[in-house]
Every structure is written in structure tokens, then in C-alpha cells.
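Student: For what it's worth, UniProt numbering labels the leading residue of the sequence shown as 1, then goes sequentially.
It should be emphasised that the hints constitute simulated quantities derived from the structure, not laboratory data. Fair warning: this is a prediction, and the values are worked out from it, not measured in the lab. Beta carbons are placed, not taken as given, at the ideal position from N, Cα and C, and that holds for glycine. Some clues are possibly wrong.
Claimed, not checked - Taking lysine-lysine pairs in the DSS-like style, the calculated list, with each CA pair at most 30 Å apart, reads:
id, residue 1, residue 2
1, Lys259, Lys313
2, Lys219, Lys289
3, Lys219, Lys156
4, Lys321, Lys263
5, Lys131, Lys63
6, Lys195, Lys46
7, Lys321, Lys84
8, Lys257, Lys46
9, Lys188, Lys123
10, Lys259, Lys291
11, Lys321, Lys123
12, Lys291, Lys257
13, Lys46, Lys116
14, Lys30, Lys195
15, Lys44, Lys313
16, Lys188, Lys257
17, Lys321, Lys260
18, Lys63, Lys84
19, Lys44, Lys131
20, Lys259, Lys289
21, Lys116, Lys263
22, Lys84, Lys257
23, Lys195, Lys291
24, Lys289, Lys263
25, Lys63, Lys315
26, Lys291, Lys263
27, Lys257, Lys289
28, Lys156, Lys188
29, Lys188, Lys259
30, Lys219, Lys291
31, Lys30, Lys44
32, Lys116, Lys219
33, Lys63, Lys188
34, Lys195, Lys63
35, Lys195, Lys259
36, Lys63, Lys44
Claimed, not checked - Label pairs and their in silico Cβ distance ranges:
id, residue 1, residue 2, range
37, Lys219, Arg146, 28 to 38 Å
38, Lys219, Leu187, 15 to 25 Å
39, Lys291, Arg209, 12 to 22 Å
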Amino acid sequence: MSFIVQNGDDSRVLYSNQAAANNFVSSNLKGEWLHQSFPMGDLKMKQWQFDGIRFGYSECLFKNPVSFDWRGDMDVVTLYFNLKGRVSMGNKQNRIELGTNQQNMFYDTEATGTMKAEELRLKSFMVQFTKDAFIRIASGGNDTLRHFADQVAAGKPATLSGSNLYIDASIQNCINAILSCSFSDSLKRLFFMSKAMELLVLQAEAHNRMLLPQSVYAKTEYDRERIIFARDYMLAHLEMPPSITELAQLAGLNEFKLKKGYKELFGTTIFSHLAEARLELAQQELQQKEKSITQIAIELGYCSVQHFSRAFKTKYGIAPKQAQIKY
């Protein structure tokens with residue numbers, strides 16, 4: 001069994017992995033970090049395997065627009081979160097394409113696809129379950145997960161949602177927590193197990209929300225792209241975030257559409273997402289122990305250390321100083 005990535009222009013093999021699904025079964029946490037440089041750009045990958053589950057994170061930066069072909073034949077269920085770029089996946093009979101900030105879940109024993117880096121960057125996160133692990137976990141879930149588990153048990157190719165789902169703030173925060181986890185291996189394994197369950201639940205809930213009748217504010221692909229741009233711009237300027245008026249102007253949308261569309265797409269308000277992102281970053285900075293609490297508060301745009309401390313304690317239940325010692 002294998003996973004292979006090839007250059008779309010000349011079919012040159014760029015990455016191959018002979019891992020099989022039964023490699024995930026180890027009760028010990030196994031981690032791997034890969035950094036490779038190619039003439040066309042750089043590839044960074046992280047992966048962890050434990051208890052029938054695999055986490056995989058990849059980030060690629062290229063010098064020019066490129067495309068890659070990939071194929072794999074592992075008998076696993078994949079929760080795919082496409083954070084940046086465009087990727088297609090599936091088999092000859094059933095193929096889905098995910099754009100930036102889209103997610104879906106699929107199952108097949110063999111799959112092929114294409115990854116395109118038209119904006120010079122690809123970024124993705126995935127959770128993979130062995131067949132047995134997924135059936136064991138999903139059989140106790142809601143109707144959506146039980147139906148999917150029935151398809152998996154029968155060995156039938158399956159896709160969770162006919163229309164791709166968007167990655168909301170809860171899912172993004174969960175992925176960030178996994179990537180920034182600093183626990184020791186024994187605690188990290190338990191933490192990762194809880195986050196795998198959380199992502200499965202959040203994805204199933206996102207599918208259920210999509211089935212409900214609701215007003216649509218982000219009506220076109222252009223609207224959704226501009227709202228995602230607004231999200232990315234805001235998160236890149238946490239220390240001095242723009243006002244909603246300024247953000248709307250930058251995105252080329254009116255304030256009403258931006259605010260309503262943002263809530264519809266990400267499941268939270270702009271202000272709440274900003275506050276959550278600041279605190280998530282603050283937690284990471286405290287874990288690294290390279291900056292003082294005052295420096296962190298100032299760099300993240302808090303009006304005072306006291307304001308930062310109150311917000312941090314409200315979210316995490318402990319003061320920043322205690323958190324810094326704990327980590």
C-alpha cells in the first residue's frame with residue numbers, strides 16, 4: 001500500500017510513502033516531521049499516528065503556479081480540511097474538488113487526485129481513521145455518522161456531503177490546537193484522541209447545518225472568496241486589526257453582507273473570531289516562554305495587561321502567569 005505525489009508536468013515522483021492502514025494501530029504515539037526543498041519550492045509535512053488514527057499536516061510554498069497528481073490505496077476514512085489552494089480527490093466514478101477553506105469526508109479503498117497551487121501556496125490538514133476505528137467510533141454518533149459508517153462497513157465508496165462544507169472558527173481553532181500542542185507524548189496522545197473526536201463531531205454538525213433551511217448572505221463564490229480574504233487579512237493583523245468598516249472596504253463588500261456572511265460561513269462573528277484568535281496565539285506564545293506577558297499583551301493589541309489577563313482567564317480558567325508556569 002502506498003501514497004505517491006508526482007509532478008503534474010513530467011510525472012516525476014516528488015514524495016512517496018509505503019505506509020499501510022495497519023501502521024496507525026500502534027497504541028504509542030508516533031510522530032514524523034519532513035522538510036524537503038525542490039527546484040519549484042518547499043514542502044513541509046507533519047504526521048502523527050496512534051490508535052488507528054493518523055493526523056497529517058502539509059504546507060507547500062512554490063515559486064510558480066504548479067499542479068501535482070497523487071494516488072493512494074489505503075483502506076481509510078479521511079476527514080480533509082483544505083486550508084489553502086485547490087485539490088481534487090476521488091476515483092473515476094466519484095470526484096470532488098475542494099477550494100480554500102473547504103472540507104469534506106470521504107471513504108474509498110483507492111483514490112487519485114490533483115493538487116493545484118495557483119496562488120503559490122498549498123496548505124491542508126487531514127484526519128484518517130482505519131476502517132475498524134471509524135466504525136467503532138461513528139456507530140455511536142448521530143444519523144449522519146451512522147449512515148456513513150454503514151457505507152464504510154459495506155466497503156462502498158462514500159462522501160459525507162454532496163456540496164463541500166466550509167471550515168468555521170471552531171474547526172480552525174481545533175486544528176491550531178493540534179499543531180501547537182506541547183504536551184508530553186503520553187498526554188499528547190490523549191489530547192490528540194479528543195481532538196480527533198472533536199473534528200469528527202464538528203464536521204458532522206457542519207453537514208447537518210447545511211441541510212437546514214437558512215438565509216444565504218454569501219450568495220456567490222465571489223462573496224465567499226472576499227469573506228475568506230477578510231478573515232485572512234484580519235488574522236494577519238491581530239496586533240492592529242482593521243475596523244469592520246475598513247475590513248469591508250478592503251474586501252469590497254458592504255458591512256451588512258460582510259458581517260452576516262462571515263457569521264454564515266464561519267459560525268461566529270468577526271469580533272468573536274478576532275478575540276478567539278488573539279487568545280489562541282497568546283497561549284502559543286506562553287508555551288514558548290520567549291516573551292513576557294506584557295510583551296504578548298502589547299503585540300496582540302490589548303489595551304492593557306489587565307485586560308489581556310481577564311480575557312485569558314475567562315477562556316482558559318487560569319491567569320497567563322499560571323499558564324506560563326504550567327506549560
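Student: Take the hints in turn and mark each one as holding or not.
Tutor: Cross-check of the supplied hints:
{"no.": "1", "hint": "Lys259 / Lys313", "in the structure": "holds, 27 Å"}
{"no.": "2", "hint": "Lys219 / Lys289", "in the structure": "violated, 44 Å"}
{"no.": "3", "hint": "Lys219 / Lys156", "in the structure": "violated, 33 Å"}
{"no.": "4", "hint": "Lys321 / Lys263", "in the structure": "violated, 33 Å"}
{"no.": "5", "hint": "Lys131 / Lys63", "in the structure": "violated, 38 Å"}
{"no.": "6", "hint": "Lys195 / Lys46", "in the structure": "holds, 16 Å"}
{"no.": "7", "hint": "Lys321 / Lys84", "in the structure": "violated, 35 Å"}
{"no.": "8", "hint": "Lys257 / Lys46", "in the structure": "violated, 37 Å"}
{"no.": "9", "hint": "Lys188 / Lys123", "in the structure": "holds, 23 Å"}
{"no.": "10", "hint": "Lys259 / Lys291", "in the structure": "violated, 34 Å"}
{"no.": "11", "hint": "Lys321 / Lys123", "in the structure": "violated, 33 Å"}
{"no.": "12", "hint": "Lys291 / Lys257", "in the structure": "violated, 38 Å"}
{"no.": "13", "hint": "Lys46 / Lys116", "in the structure": "holds, 20 Å"}
{"no.": "14", "hint": "Lys30 / Lys195", "in the structure": "holds, 16 Å"}
{"no.": "15", "hint": "Lys44 / Lys313", "in the structure": "violated, 34 Å"}
{"no.": "16", "hint": "Lys188 / Lys257", "in the structure": "violated, 41 Å"}
{"no.": "17", "hint": "Lys321 / Lys260", "in the structure": "violated, 37 Å"}
{"no.": "18", "hint": "Lys63 / Lys84", "in the structure": "holds, 16 Å"}
{"no.": "19", "hint": "Lys44 / Lys131", "in the structure": "holds, 27 Å"}
{"no.": "20", "hint": "Lys259 / Lys289", "in the structure": "violated, 36 Å"}
{"no.": "21", "hint": "Lys116 / Lys263", "in the structure": "holds, 28 Å"}
{"no.": "22", "hint": "Lys84 / Lys257", "in the structure": "holds, 23 Å"}
{"no.": "23", "hint": "Lys195 / Lys291", "in the structure": "holds, 28 Å"}
{"no.": "24", "hint": "Lys289 / Lys263", "in the structure": "violated, 34 Å"}
{"no.": "25", "hint": "Lys63 / Lys315", "in the structure": "violated, 40 Å"}
{"no.": "26", "hint": "Lys291 / Lys263", "in the structure": "violated, 33 Å"}
{"no.": "27", "hint": "Lys257 / Lys289", "in the structure": "violated, 40 Å"}
{"no.": "28", "hint": "Lys156 / Lys188", "in the structure": "violated, 33 Å"}
{"no.": "29", "hint": "Lys188 / Lys259", "in the structure": "violated, 37 Å"}
{"no.": "30", "hint": "Lys219 / Lys291", "in the structure": "violated, 43 Å"}
{"no.": "31", "hint": "Lys30 / Lys44", "in the structure": "holds, 17 Å"}
{"no.": "32", "hint": "Lys116 / Lys219", "in the structure": "holds, 25 Å"}
{"no.": "33", "hint": "Lys63 / Lys188", "in the structure": "violated, 35 Å"}
{"no.": "34", "hint": "Lys195 / Lys63", "in the structure": "violated, 34 Å"}
{"no.": "35", "hint": "Lys195 / Lys259", "in the structure": "holds, 29 Å"}
{"no.": "36", "hint": "Lys63 / Lys44", "in the structure": "holds, 15 Å"}
{"no.": "37", "hint": "Lys219 / Arg146: 28 to 38 Å", "in the structure": "holds, 33 Å"}
{"no.": "38", "hint": "Lys219 / Leu187: 15 to 25 Å", "in the structure": "violated, 45 Å"}
{"no.": "39", "hint": "Lys291 / Arg209: 12 to 22 Å", "in the structure": "violated, 38 Å"}
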